[in-house]
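Enquirer: The whole structure should be built from the sequences, with the hints applied where relevant.
Chains as they are written, first to last, in the working numbering: chain P, 1 to 486; chain G, 1001 to 1433.
Rather than coming from a laboratory, the hints here were simulated on the basis of the structure. Check the hints yourself; a few may be wrong.
[As the list claims (entries may be wrong)] Heads up, simulated EDC-like pairs for lysine to aspartate or glutamate below, C-alpha to C-alpha not over 16 Å straight-line:
| id | chain 1 | residue 1 | chain 2 | residue 2 |
| --- | --- | --- | --- | --- |
| 1 | P | Lys-267 | P | Asp-292 |
| 2 | P | Lys-142 | P | Glu-82 |
| 3 | P | Lys-112 | P | Glu-82 |
| 4 | P | Lys-280 | G | Glu-1317 |
| 5 | P | Lys-66 | G | Glu-1145 |
| 6 | G | Lys-1252 | P | Glu-21 |
| 7 | G | Lys-1251 | P | Glu-21 |
| 8 | P | Lys-118 | P | Glu-71 |
| 9 | P | Lys-142 | G | Glu-1145 |
| 10 | P | Lys-133 | G | Glu-1007 |
| 11 | G | Lys-1205 | G | Glu-1145 |
This structure is a prediction, so every number in the text was calculated from the model and none was measured.
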Amino acid sequence: MKKQNNTKKKKNVKPKDSNREFYRIMYLFSGLFLLLCGYLCYFLIFESREVINNPYNLRQETFERKIVRGEILSSDGEILAETLITDNGEEARFYPYKEMFAHVVGYSQNGKTGLEQKYNFELLTSDIPFYEKLYREFMDIKNPGNQLVTTLSVKLQQAAYEALGEHRGAVVVLEPSTGKILAMVSKPDFDPNTIVTDWERLINSDSADGILLNRATQGLYPPGSTFKILTALEYMREYPSAPENFSYECNGIFSYNNAEINCYHGKSHGNLDFIGAFEKSCNGAFAYMGSDISISDFYDLCESFLFNTELPFPLAYKKSSFLLTEESEDWELVQTAIGQGKTTISPLHNALITATIANGGILMQPYLVSEIQTAYGQQVKQYLPSVYKRLISPEEAAALTKLMTSCVTEGTGYALLSDSYTAAGKTGTAEWDEKKESHSWFVGFAPAENPQIAVSIIMEEAGTGSDYAAPAAKKIFDVFFSDKKK
Amino acid sequence: MQNIVMECAQYIIIFLITCYTWQSFAYFGKKSEVQKRKIAARQNFCILGVHFLGYVSGYLATGKEELILLYGAQTVYFICVIFLFPTAYPDCSRMLISHMCMLLNIGFIILTRLSYPLAVKQFLIVCGGSVLASVVPWIMKKFRELRKFAWIYGIIGILLLLTVYLTADTTNGAKLFLDFKYISFQPSEFVKLIYVFFIAAMFEKSSSFMQVIKTSLMAAVHVLLLVASKDLGGALIYALVYLMMVYAATKKNLYLFGGLLCASAASYTAWRLFDHIQVRVTAWLNPWTVIDTKGYQIAQSLFAIGTGGFLGVGLYEGSPGQIPIVEQDFIFSAIAEELGGISAICVILICLGCLLLFFNIAIESRNTFYRYLAYGLAVTYGIQVFLTIGGAMKLIPSTGVTLPLVSYGGSSVLSTLCMFAVIEGVKTFEKAE
Ligand SMILES: [Zn+2]
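Expert: This is the structure in structure tokens:
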């Protein structure tokens, strides 16, 4: 160092202009170049994983040449998807549970869907120890890709799969306090093991409309009476004394200007208070409430509940829509209040609304993958529960929980009565075509006092919510709680 | 077997490039001539080693026998440059020669990988250019009055740019090339050098207010002609070079900051006026929403860099061909993908090494004209490298500038070789005094 200083001093003696400006600009450029290096490191360490996991990145062939696609596991470690290597060295993706997880896990040939698509590059990245990778590369053996540990439970998925039976439809089961998706079923289904050979049939046959569609997230249905949860909430906001003072005399038909609403099968419910109207799912009472609330406030409430907006969800889904405006006609207003009209919702979205109520008004970010591990099970990345947003106040959540609990104990949700837990929920019977059976809905959670599980079920063309979807929910809850007891 | 060789080659290349870079910075601390020679010898070994391994990988991956021929020819070229140039000019900076060879070397390997015909064409131009460049220091020594032709430089520059504006064809929205049937020629690359000569010569005379005004007017004509030809990356470089040279000559912060303010205002106006700038800014701000169209190129570049990671996927193993114009504006992404992030960082550091040598030579020179000349070329080089690499990794909007000595492009590589030769000329001139 000293030497350098000396030489510098000597130089300064020379008669020439000062070099201060030269040095400044030199330092400026050195700084800029180091910034380039720093930014490149930052990008490679923190951003590149996210960036390269993009369907437009066609480089996966590069990865596939060097890496065996990783496994997808259930929360309890069961294999949901793995790559087997046949005797002649060819790779084949194998899904042990066949149709059961078809939509949520997805497939990886003929395009990609579900988790196979979303986490494509994670599955094709290998984080096994460096020296081992090096060894394998020299030996020309492929590296094993990272594995996904999902939040899905095989038991609940199976229960949900069986509960749907032969019906088309979908089930979403999640844990309200964390946002973990525990099960997600869509029917009709397909076997991802034979996706290549079945491909023509799956995409061409008329009867199979939308076999590949994940109805749980991409199916849009009229919400039917499950929507009365939101109507009730808006009514309580505008008339805080409603739970005590509301009364309505049901004679089976409600007329509003030139619109008419019938109760189910024209049944008259007689004199109803607020809870009674909800328990019995009286269309007249809710149409009456709808005619008495501010449309713009109602619209705002629905938007705050994520209608017409993006959902916080990693896989492909469709946006729900709520289209009521001040200009809407009277029939649309009263129809919308009871969950018919032009409103559409996906089973996933309905599950998120239910989970929000169960979680005291806070919507947790729903997620499907809890951990990414190396092929040897070492953690690479962990996904922890995170709050998405508070949607309603704790008091409002408690009031809705009360309504939904008595819907099970006193009303249309009677199918969920059980000795081992108290369930809360709301049935729905969504009419969509006069000549066909209605869609059967149920949304709910249990135990009401300390919710651990929430479900949203739709069974297409099955009939009423109380007769089909509610018993299906009971089956899922029973499996969940009997498993807990053990 | 082939696999093992290619894997080894991949890691040894990274190792050699890293060693090379390390040596080039260790050099700054060394004073004794013996130590410097040792470093130079090690560096030459690294250059030839990387070159050899790059072509071994290429031969194994493609099986093309013409690669052996190209390899042989390039090896002869490197040996000639490394040994003949210092023999002809004993006072030259050997380190700068090494850096030049290393950057050319990486460029050759990547270009051969991307497209063999382009690599051959580039190599021929480099050979011709090197012969041309090798007489530059001699000319500078022989003709001492180069500093007296300020106005001639200025007028030649403007005339050349004017010719481009009036006659050139439009590529990628900008008029850049003059087409002479067999070869197309990009004058703005050469005018860049003449322009620095012009400014250096002007300020050598005086840095009075009147002189600044005169020089500014001439510089403004250059910049406006480039803007009119829609070569906005070029215009930006010219404007910034001018500002930094005014700053060095006048030593007034006011000129620099005032100028930067004007440049920002001008950039903003340009952004409002020109579609193809808006395209680049949109693509920079959020390429993912416009990935089908405007953001495609930058997204592909990021995929390449990200996929490569620190160690790279290995030569011939990636798909850099996915990036449009990869061999010019986005060659850096191809390097990062196949040779790895570590190598890419070394490339940045080697460029920094060149830049520091440029500045050192400028600082050590006692001839005012050459001081400004070397300084101006350093600034030109620095801006160009920063714009290309920053653009490829989305730190700044991409400006369509090439990476000197590495990217494909005859005019670009020729003018950069001349630039290096001029710097060597300044250095040898200094020693001779
Ligand atoms: Zn009724």
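Enquirer: Could you run down the list of hints and mark each one as holding or not?
Expert: Structure-based check of each hint:
Under the criterion of a C-alpha separation no larger than 16 Å, the hint pairing Lys-267 of chain P with Asp-292 of chain P is inconsistent with the structure, at around 23 Å. Simply put, Lys-142 of chain P and Glu-82 of chain P have alpha-carbon atoms about 15 Å apart, close enough for the 16 Å limit, and the pair holds. With a CA separation close to 15 Å, the supplied pair Lys-112 of chain P and Glu-82 of chain P stays within the 16 Å bound. Among the hinted pairs, Lys-280 of chain P with Glu-1317 of chain G is inconsistent with the structure: their alpha-carbon atoms are about 66 Å apart, more than 16 Å.
Distance hint between Lys-66 of chain P and Glu-1145 of chain G is unfulfilled; the C-alpha atoms sit about 62 Å from each other, more than 16 Å. For the proposed pair Lys-1252 of chain G and Glu-21 of chain P, the alpha carbon gap of about 9 Å is at most 16 Å, so the pair holds. Among the hinted pairs, Lys-1251 of chain G with Glu-21 of chain P is consistent with the structure: their alpha-carbon atoms are about 7 Å apart, no more than 16 Å. The suggested pairing of Lys-118 of chain P with Glu-71 of chain P holds, with an alpha-carbon distance near 14 Å, which does not exceed 16 Å.
Our distance criterion of 16 Å between C-alpha atoms is broken by Lys-142 of chain P and Glu-1145 of chain G, whose separation comes to about 66 Å. Distance restraint check for Lys-133 of chain P and Glu-1007 of chain G: the Cα-Cα separation of roughly 11 Å lies within the 16 Å cut-off, and the hinted pair is therefore satisfied. For a cut-off of 16 Å, the pair hint linking Lys-1205 of chain G to Glu-1145 of chain G stands: about 13 Å separates their Cα positions.
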